[in-house]
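Chains A and B, in that order, give the protein sequences.
The numbering used here puts the first residue of the first sequence at 1, with every later residue one more than the last.
The numbering used here puts the first residue of the second sequence at 1, with every later residue one more than the last.
Derived by calculation from the structure, the hints in this document are not laboratory data.
Any given hint could turn out to be false.
Under 8 Å between C-beta atoms, here's a sample of chain A residues computed to sit facing chain B [to be verified]:
| hint | residue |
| --- | --- |
| 1 | K28 |
| 2 | Q45 |
| 3 | L49 |
| 4 | L51 |
| 5 | E136 |
| 6 | L185 |
| 7 | V194 |
Computed from a predicted structure; not experimentally measured.
Glycine residues also receive a C-beta, built at the ideal position from the N, C-alpha and C atoms.
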Amino acid sequence: MIHSGINKLASRNELSEFLASVERRAYKQGLFAVHDEQVALDIVQDAMLKLAEKYGDKPLAELPMLFQRILQNTIRDFYRRQKVRSMWTTLMSSLIPQHDDSDYDPLDTLQDASNHSQPPRPDASLEQTQLLELVETELGKLPARQREAFLLRYWENMDTAETAAAMGCSEGSVKTHCFRATNTLAAALRAHGVTKS
Amino acid sequence: MNTENYINTIKELLEKSSSQIAPHTLESLRSARINALEHQRTQHSVPVLSWLGHQSKQHESFRSSKSLNWLIAALLAACLIIVASYWHAHVTEHEISEVDLAILTDDLPIHAFLD
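Let the hints inform the model, and build the full structure from the sequences given.
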């Protein structure tokens with residue numbers, strides 16, 4: 001959420017409170033973008049560190065915008081690195097002969113159903129859980145810019161100008177991205193019978 | 001159901017989703033936050049002429065120290081220009097006197113005629 005505030009510099013406590021207030025949504029944004037919990041955590045950690053190191057002395061009111069800008073840039077950096085890595089992997093795998101299965105251990109990926117250290121599933125209704133999964137899946141499938149615009153505009157409650165500034169694009173582009181994202185998500189919900197008024 | 005309602009439904013679901021993050025993930029986020037806070041920047045940016053920093057502390061405001069820095073930078077630039085112009089004039093004068101001397105002694109080198 002946008003902090004409307006006085007134009008004073010952020011103290012350690014205020015920065016801590018700000019980070020605590022955005023960390024969950026930031027993690028979810030990262031997760032929708034990269035589909036990997038560990039990478040999403042790394043992205044949030046990087047974004048928090050960059051914000052504190054470079055802009056830790058900025059006024060509290062500027063932090064939400066700065067953090068979102070850093071977060072989106074960090075996600076984009078991940079995409080770029082992934083692109084370069086996949087290019088090299090493709091290149092190397094075409095040069096190196098395929099290895100045998102000797103280093104594959106099925107125990108590495110075996111799921112342990114009796115392991116109760118995992119958090120229990122929420123006791124929400126099945127319908128809501130399914131809807132949640134549906135929305136998360138559809139958000140994950142959206143083009144990156146549409147997802148970014150939708151989440152900043154509607155989940156982070158930024159206005160169009162703020163979203164445009166955080167994304168580094170025009171307000172018109174934000175409106176277009178939001179419109180398309182909303183249509184896609186609404187169509188997915190309609191397809192699953194969500195039509196309550 | 002209009003678009004606004006769909007957006008609100010999605011927002012509610014996303015809020016629900018963010019409240020159901022696993023405890024070990026929340027712990028990682030907390031550690032990340034604490035790590036970031038340990039690196040919080042607390043000082044203003046260092047002035048360009050930071051080697052004169054102790055002088056800026058004597059001034060009451062950042063604005064006045066900034067003005068002082070600009071003044072010192074301008075003085076340095078002016079000094080450099082004066083030294084450079086003096087050096088240039090000195091070298092030119094020295095070259096002219098050499099040529100004059102060569103003309104008087106009929107010892108003018110051949111390249112002087114070629115110029």
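Now the hints, each set against the structure:
At its closest, the beta carbon of K28 (chain A) sits 5 Å from a beta carbon of chain B; the interface hint therefore holds under the 8 Å criterion. Among the interface hints, the one on Q45 (chain A) holds; its C-beta lies about 4 Å from the nearest C-beta in chain B, closer than the 8 Å criterion. Given hint, L49 (chain A) at the interface with chain B, holds; its Cβ is 5 Å from that chain's nearest Cβ, closer than 8 Å. At its closest, the beta carbon of L51 (chain A) sits 7 Å from a beta carbon of chain B; the interface hint therefore holds under the 8 Å criterion.
With a least beta-carbon distance of about 6 Å to chain B, the hint placing E136 (chain A) at the interface is held under the 8 Å criterion. Nearest Cβ of chain B to the Cβ of L185 (chain A): about 6 Å, under the 8 Å cut. The hint holds. The closest approach between the C-beta of V194 (chain A) and any C-beta of chain B is roughly 7 Å, which is under the 8 Å cut-off, so the hint is satisfied.
The structure shown violates none of the earlier numbered hints.
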